[in-house]
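Participant: As they're listed, the protein sequences go chains A and B.
Residues in the first sequence are numbered consecutively from 224, following the working numbering.
Residues in the second sequence are numbered consecutively from 104, following the working numbering.
What the hints contain is simulated information worked out from the structure, not anything from laboratory work.
For each residue, glycine too, the CB sits at the ideal point set by N, CA and C.
Covered by chain A, according to a simulated footprint, are these stretches of chain B (three or more residues, beta-carbon under 8 Å):
1. 140-150
2. 217-225
3. 232-241
4. 260-270
5. 286-297
6. 301-307
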Amino acid sequence: MPSFQETAKETWRFYRKTLTLVFTGSKEYYLWCILLLCIMGIGFLCYLPQLQIGLITTNMRDQVAWGLYISNFTYLVGVAAAAVLLVVPAYIYQFGPIKEIVVLGELFAASSIIMALLFVIVDLGRVDRFWHMIPWIGKMNLPSSLLAWDVIVLNVYLLLNLIIPIYLLVKTYYGKEPNKKFIVPLILFSIPMAVTIHTVTAFIYNGLPARPFWNASILAPRFLASAFCSGPAIIIIVFQILREYTFIKVEDRALFKIAELMAYAMFLNLFFLISEMFKEYYSNTVHIASLKYLYEGLHGHNLLVPWIWVGTIMNLIAFVLFLFPATRQRLSTLNIGCILIIAGVWIEKGPGLIIPGFIPDPLGEIYEYIPNFRELFISFGIWATGFLIFTLLMKVAIPIASGEFSHVKYMEEKNFLDPVKDGMLQKQ
Amino acid sequence: MLDRFLTRRTFLHRISMVVLGSLCMPFLSSCGKERAEDFLQKHFLEMTTEEKEILINRLEERYFKKYGKKFNLSIQEAIPNTLWGYGLDLSRCIGCRRCVYGCVEENNCSREKPQSQWIRVIRLKKGSLINLENSEHYYNPDTVPEKDFIYIPVQCQQCENPPCVKVCPVHATWKEPDGMIVVDYNWCIGCRYCITACPYRGRVFNWADPNVPTDKWNLSIHYLGNRPRMRNIVEKCTFCVQRVRRGRYPACVEVCPTGSRKFGNLLDPQSEIRYVIQNKRTFRLKEDLNTEPKFYYFFEA
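The shape of chain B in the complex, shown without the other chains:
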């Protein structure tokens, strides 16, 4: 009943949208329909269910035209009573970077010029763990693991107190009910303040139009996750929102050859991740910053 009455806020909002639309008429009529639709697209969280339906059809059609593939675009919401958590066994990780490339393929990241990766494996000399200043990002030996080094894969830590969400000037990024930090790629203005604020380098900027070979597209996509993206916006790891909300593991968990990666629902006492927290000695990166990551590193006890 309530939503039948316009509140003052929505009324003002609609009036101003009409004014904005009419002011931009010359611009909108000069550019194509696609760009006009993009320009006027609302914030994802403010769309009604019908508007979301229209959006899905529109995007699927457009992706088909553009890439010649039939994508399956999902907007599936968070499963009730889930809070996703991640565990990573540092004593098992061999630094092979299969997770990095598994992620790139799963999430339709730009392959080259520039290649965008959501996971970054850094190499540290044995004996030091906290001071990342001595980390090596571009290690390239013939075989891993190397005798004197350990490896730390880092991706978005899905903080409970995410500094990136705090600083975004337009609310283009937020924390979902299941704890994942997502971005509305159509709302991001590309100011890169979130990249500046992230202590884990969890965010990646599309410095140019992403390029993915036609036969390499992953067609199972989520609006807030791995759908094809545009240039000059920020993207990030979502723990594979398109997979985990359908009961699958994130791609990096599946692809890891050593089984270092664990994943599960923090609210479920029987879950794998709760087992890890209960039985292993876990720590989180940069706990002193009070970001409360949901990404737990541990060692085989």
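With the rest of the complex left out, here is chain A:
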């Protein structure tokens, strides 16, 4: 057994090495990171006045109490859920090195969850009272508040998605086999948790009779279906970037299979949409107002109409592209489809879901919301934070997975540089 001191030293060495890895890279790497840091900086500068003056600096008001922040939050929870759910088909269809896919997917999910939580934080009026939401220390309204539940499941999910990949990576670094009894249950647990975070997030909106637009039981299934489109679409693109620049080999076959699964998910998503449209338009009660506002405008107010139609058409085109093997199995059309889905689902499930819920408000007032520049830049800043976190994680994870960065290599280097010291170590 190594002594405590020895372990501490070794841990410190490992962290130092990861820091060196993070801080050294190609010119493109530096440029990319600096660009992201600049966007984050601008976002932060925009956030300060919001903190000091109040949320009046946004375009949200009593009529539309949630806006761009919560829209992004909803979208990102879906992305995070889908990244992990992808582990299931990866295992069933044997996409390739399953361990690498698990590690990638979970790190991607972790980055998305961090973004989602940041979006909640910037939306909070009193960030200084964050501790009221911490279980046992604060005063959580359980079991009745879905938002309290969401805070819990999102944080558990974040922890899972950090513990699993870091454990696997550290084991790989030391060239040891991971303890299957420890890690497999955790991986299996993260799969239902992915469904859970998304369902609970849907229930936040779903359970409010004051908002008929969300008060439809199709909402949670629709959330899952659209998450299965947008999440994998991002993953397909990430996989292609990674296999271009790193050793990770993901076969085309795997990408095409994911695309096929996305076609099914998109079919379900569109089917659910049609079900909802039919119910609202055929029964034509007063509850149709929000849907009408979204798709055709209400009493001359139609700010969201062009957006939702662009989004819907994007989803439809992507569905056709992914439906036919000829277009699905060609990288150019596949990538077009992915980008269409990423944007289309963002519109449909971000602003297209959150904002119409508030229009008209419960007393029939129409306040048209469109985010202002502050909200936009703060949102860009958070997206940049997520990208940066994922980039840095990849910067360390990939060399470990490829064996470039490992304990054995480190010892070899040290022996080469400092044979005397190593001799002493061997004597011990």
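With chain A fixed as given, assemble chain B onto it according to the hints.
Facilitator: For chain B alone, kept in the frame of chain A given last:
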């Protein structure tokens, strides 16, 4: 006797508060005393009587420093055997909005940029009452009432099944024993989930620091009602908790020039509100949502 022994829960709670406090030491020592006190302030319902006393003194002192006025801060509890109910005669209401502004003055609401109002009077075309989609919020004729319209003042309906209390993630809002829904402004985290959940628009957000002219402060305040508030928290109508617990009418009842507004104890068979329910044909807004409001609209029979 029992409270001398620490239960496991309170023990854990205290331990975690110490940990939280020490973790936040760098932050707390860098900011002023006021902010540190605010940061560590407990939930109102979890304070002991002594802690509440200290809180009152602290807040009164602070308000004096900040606004140069001697406020009288009350934490008076609900009177036993009361359940407040409200009646509003729609056939009398002329839509003059005096209640709106009477409320703003009584409750120390922000006057401008932004103006926050707890009562909202909506105008509907005669012939329709339930579908609020055709309501006009910003009607502005030379004189009211107008020939073809009726007016519905809406404020917090003090539901018996309040959706806002159900959804609040941190229990910052609750139903008092006398049926009023109140907010601990120092506990609210500003997530606006309650605004989203309220079917009556009974809740208002302080989008910026409220501003009230110095000579306009109402100095008789209640901790759960009209005390000066801060930015980025939710506030709402409390049926004037600072008045009704002292046997006075809510400000909107007093200010109404047509006598459309009635108020009383639902548990008292002799009360005005019980008379209204007994003798008029009353209805409540959005009864289909099962929120059980204690706000009764009626027409002169």
